[in-house]
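4 protein chains.
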Amino acid sequence: MSHNSFGQLFRFTTWGESHGPALGVVIDGCPSGLAISEAMIQEKLDRRKPGQSKYTTQRREPDQVKILSGTFEDERTDGLRTTGTPISLMIENTDQRSKDYGDIRDKFRPGHADFTYEQKYGIRDYRGGGRSSARETAARVAAGAVAQLVVPDIKIRASLVQVGPHKINYDRFDWDQVDQNPFFCADPVAAAEWATYLDGIRKEGSSVGAVIEVVAENVPVGLGAPVYGKLDQDLASAMMSINAVKAVEIGAGFDAAELTGIENADEMRAGEGAPYFKSNKAGGILGGISNGDPVVVRFAVKPTSSILVPRETVTKANENTDIITKGRHDPCVGIRAVPVGEAMMALVLADHFLRHRGQTGREGGVGF
Amino acid sequence: MSHNSFGQLFRFTTWGESHGPALGVVIDGCPSGLAISEAMIQEKLDRRKPGQSKYTTQRREPDQVKILSGTFEDERTDGLRTTGTPISLMIENTDQRSKDYGDIRDKFRPGHADFTYEQKYGIRDYRGGGRSSARETAARVAAGAVAQLVVPDIKIRASLVQVGPHKINYDRFDWDQVDQNPFFCADPVAAAEWATYLDGIRKEGSSVGAVIEVVAENVPVGLGAPVYGKLDQDLASAMMSINAVKAVEIGAGFDAAELTGIENADEMRAGEGAPYFKSNKAGGILGGISNGDPVVVRFAVKPTSSILVPRETVTKANENTDIITKGRHDPCVGIRAVPVGEAMMALVLADHFLRHRGQTGREGGVGF
Amino acid sequence: MSHNSFGQLFRFTTWGESHGPALGVVIDGCPSGLAISEAMIQEKLDRRKPGQSKYTTQRREPDQVKILSGTFEDERTDGLRTTGTPISLMIENTDQRSKDYGDIRDKFRPGHADFTYEQKYGIRDYRGGGRSSARETAARVAAGAVAQLVVPDIKIRASLVQVGPHKINYDRFDWDQVDQNPFFCADPVAAAEWATYLDGIRKEGSSVGAVIEVVAENVPVGLGAPVYGKLDQDLASAMMSINAVKAVEIGAGFDAAELTGIENADEMRAGEGAPYFKSNKAGGILGGISNGDPVVVRFAVKPTSSILVPRETVTKANENTDIITKGRHDPCVGIRAVPVGEAMMALVLADHFLRHRGQTGREGGVGF
Amino acid sequence: MSHNSFGQLFRFTTWGESHGPALGVVIDGCPSGLAISEAMIQEKLDRRKPGQSKYTTQRREPDQVKILSGTFEDERTDGLRTTGTPISLMIENTDQRSKDYGDIRDKFRPGHADFTYEQKYGIRDYRGGGRSSARETAARVAAGAVAQLVVPDIKIRASLVQVGPHKINYDRFDWDQVDQNPFFCADPVAAAEWATYLDGIRKEGSSVGAVIEVVAENVPVGLGAPVYGKLDQDLASAMMSINAVKAVEIGAGFDAAELTGIENADEMRAGEGAPYFKSNKAGGILGGISNGDPVVVRFAVKPTSSILVPRETVTKANENTDIITKGRHDPCVGIRAVPVGEAMMALVLADHFLRHRGQTGREGGVGF
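Heads up: the sequence lines are chains A, B, C and D, in that order.
All letters in the first sequence, in the order written, are residues 1101 to 1468 by this note's numbering.
All letters in the second sequence, in the order written, are residues 1101 to 1468 by this note's numbering.
All letters in the third sequence, in the order written, are residues 1101 to 1468 by this note's numbering.
All letters in the fourth sequence, in the order written, are residues 1101 to 1468 by this note's numbering.
A pair holds if it fits inside one copy or across any two, identical chains being indistinguishable in the list.
Capping the alpha-carbon separation at 27 Å, the derived lysine-lysine pairs in DSS-like fashion look like this:
| # | residue 1 | residue 2 |
| --- | --- | --- |
| 1 | Lys1149 | Lys1426 |
| 2 | Lys1378 | Lys1416 |
| 3 | Lys1267 | Lys1255 |
| 4 | Lys1378 | Lys1426 |
It should be emphasised that the hints constitute simulated quantities derived from the structure, not laboratory data.
Just need the whole structure built from these sequences, with the hints factored in.
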């Protein structure tokens, strides 16, 4: 069952609420013997951390990770190593600003999970959205850092490629730019335009959606288990599980609907020792199985639902009212979704790497 | 593990290849006491059946379903009823045209799973694509018919909404039109245009992609299990698992990226006994849980990879060659994906209905 | 979820009722490239087949297996091979003797699942016990034959070691005797005694319980996943799932309760290249993980519940009555449980072999 | 997958090592709205806590539980309530006595998981047995306390019924005695005898095995999912997963092997509104489904492997040596397994309660 767990052989379970004492993740099935450290995980968490620019929430959380189990070190292990047992990671919440929750306690914020949690469970931790808060994604990023250790040769990177109606220009795409601007954007010109655009959005007390592209390079051929453990299927599931995501596509994605079979064919040519594909409309996946080309996933994040402009809603007592959501919100949650997308990619690939190795006895590979 | 199974409490496992003796599905976890018949399942299968118009493959398969287990009838059960034990459904393959498979045996067809199956498994049933053939979707449709019995009040319908670059006009959207044309299209004008367009595509020996929209009405509030059993997550997984699907979106989907928080808010108003939403940008799902509004999913299908125009490829021996894929192929596989999308929607909702009932003791419902 | 499935990476799902048209199993996750044949599976089924001696049911079922999917053969595969896709096996029921079911339709047979199925599902296929019939074990045996292909070096054998109060003498234990008597008994003297004893039991119209011992030799070190995927845990689950089984033990089992720590210690000694154990109280499993010694499991089967001596029971209308269960029943179902126990051992080991390989990248091995 | 998780709808995952900073459990799928408190869980933990008599380890661990997530309280919830989200419980380790681990670092203790962990993972946290330590069972007991909230009407109790060769006299069985002696023994006379017996065992520096009986009363009819989610199967799995357990039986258990069908039949009689069983050889389970009678499980625990008498073993370098295991060990680990057995019973029943409710829409019940 998958309530709060994801993955099969490499499986993680997250827990925690926005304003509880802590949040965390238990990673189960990580191979033993991998060099690991809190610093290694922290580095990934720091990229997702709030309050790093004026374009993300001003909540001040150090998001300091602690490893509670699953690792061991003595003079013979050459540093801290995974042991094959569950790795428990915890992040304490420190900046749960004391405040009056009256408004969101009794009203349903449009676009939030308030109404559905209330209906499903009959009780709701309304403080900061409780379990439905995007703070849960810190646990994903921490888990993703561990997943990356399982597939060290796979290079996973992501870029914000659209903010509101403004898309990047792929001709300017440069991975080295991603950490040079507050948007994780591979196109520096677009990043500069977004800065101006988002200043306006913030002044209006509004927010805006975004699209993220995640690319995994050097993925071995053979990952994915047809028919209901397809690699693209699990990637779609992984990305759609991120807060506020409304759409996922692989390779050409929705554009594939407009193409003819002639245009969409990724033709092959004989290469040195192995064939290669002349194009990558498939996004690196054929029949649910990786083909050795870069795995390319894009997902759309809706605009932050918490805005300062009043919206119509109802109270728990089914009475009409308005609501504005004060607080420290991201004007574009898509920005901080970039490292989360990278983490989910790592988590899916690590799981399928182990599954493939289990079923076939091979570690996959490019070519034949 | 999910190799060839999907769902949790309502779980199905499919088996079979395109040119094997039969294909089938085992449905596990179906509640007992439901009235069932082969005719009921056959009706759904007949909608997906090949050879019903010149726009789909001319393969002649009656797709006759047999119930092999999980049902019982005596004078006290008032007809055939499910018993709560596994329901095994089988469909025999009858039109596996005898032919020379030499070309696809030794060459990888671009866009097909030939290369990846060969690489992953080291052996490949190349006859008609084997396990990667869309014939597997017959098993999904059969299972979907049973799933619908679990959630009889939920109305699930789908329409083709785009063929190549040609989209429907939503102002003309009329569900009653769907079964009046060979495209399962709710817009009769678009259907007529597509007929002409696809004639051209067929003459070119090419194919084209499509977009399908699936809508479920009267979905109870509360279905979905955050954080990794979200309803939208499982729908994304379900739709992405269908052959040739490259993209999935819920509600506003990718368009949500372009909206502001002001525009995207589904405002609420007090209603009779329960509040209602003024709009449905969310596609009926908030925080991964159904909110009582129609659940709206769209997915993109790439153009059929099997085309009559030669494409460059390589042989198993890594030598350059060309390939054309003769045979009886759908110029637009998106058409027959319409009933498959409906089936997957039913399968996901039935599973979440049982899961919700298990965890909460309630059957969900609109309002509070 | 596990309603009718077992295993994780090597997973099988059974379906079918005693008096339905057929029963079967879908095996999911079997590695590709393994040589397979219907004859190979049939050989195992023939050992379990009813009607082979006067000590088992006289129902005449050829139990002829058909492979419906998951295999492929051409001139390059050197015979039929698994392809990595689901293997569907079907066995048609042929000897569902037409008869009046009135008695068991309306009365609950003591010791049978009649009462609980009726209560749980509200409907019950009473013909021959329906799904609760031991005919389901034919599907296990067929699946077990495939599982054995995954771990060809592991030698799995079983013997009946107790019938009623009569135990074998382990000093006479000889595996070669197992197929020389109708009891799968490694002690020929005990087998002869049982023949006389069971003749008496049959004349009384009664039945008797039994104990089966299953031994797997050459099991690689390292199979098992602590803490909730322990090898002994999964073996206990596997054996307890067999019809009529009421107890399972590993190694010294219940006797371990009577031992001191001094007596129970399996001391170790340095061996050639690897250490060895001086004794095997552990039954080949330490901390849930195989240690390279033979894995030894024993399980107890209760006496056949269907007997010719009247027993008190009630009707569906909660009225007192008596019942005798006519029909063709095994006086000791434990006999035919022997090949079933072997099959379950193979299924558990094959699954853990793949899981271990997935998580560690190694295939296990004896020694270090 | 089940590495460190157990259960389906009510699922828990444990983590932590004997000498790490903490251990814990994440409970996923607990229904919302249940009154909960740390004190409630602590009460159960205190029963299992070490150092409560001279018959258990003298390690001093307060085993203080903290609830980190999944609960909420405000003025309307009437105390702390579960919210339906994951409940994370943590217990900090405080008495990891600083010491030289040299001996167990380099030698394999007979009967322990040292050898198999080393072989499987290539690395081993040898401090106190690491993950294989029975300290993990604290997490089970904490989880079991939460499970009991899901099935409040089911009464679960356990008694030690055998220590070494000394069994209780069932004629003296009195549940009220269980908490009146340091052995959780329902027979006060046996308890007194065991005290003397164990004093001798301790003086010898040895240890001894035990048998525990767990009884659940007022279990609703209908829990259990044939064929591979049988209630007895999951109980066998649950109990066998406890450290040092080597055998499990249900109802008559191994004794059933010696009975005839006449003796073993639990005859039924018409009762007020519902039938009843005249005996309970079945241990409350028929065909894998609860029948309304008490569910009775017994399991055998081997003697503590850590003893003060030298035993032969080998070093990691495959050299012969001896080992004695100093430390603070239980002379009979079976004693502290009693509350663990209760917890596992609660965990299995809670899970099956939710599964049954999901699949059938009913909560089960006695009678029809």
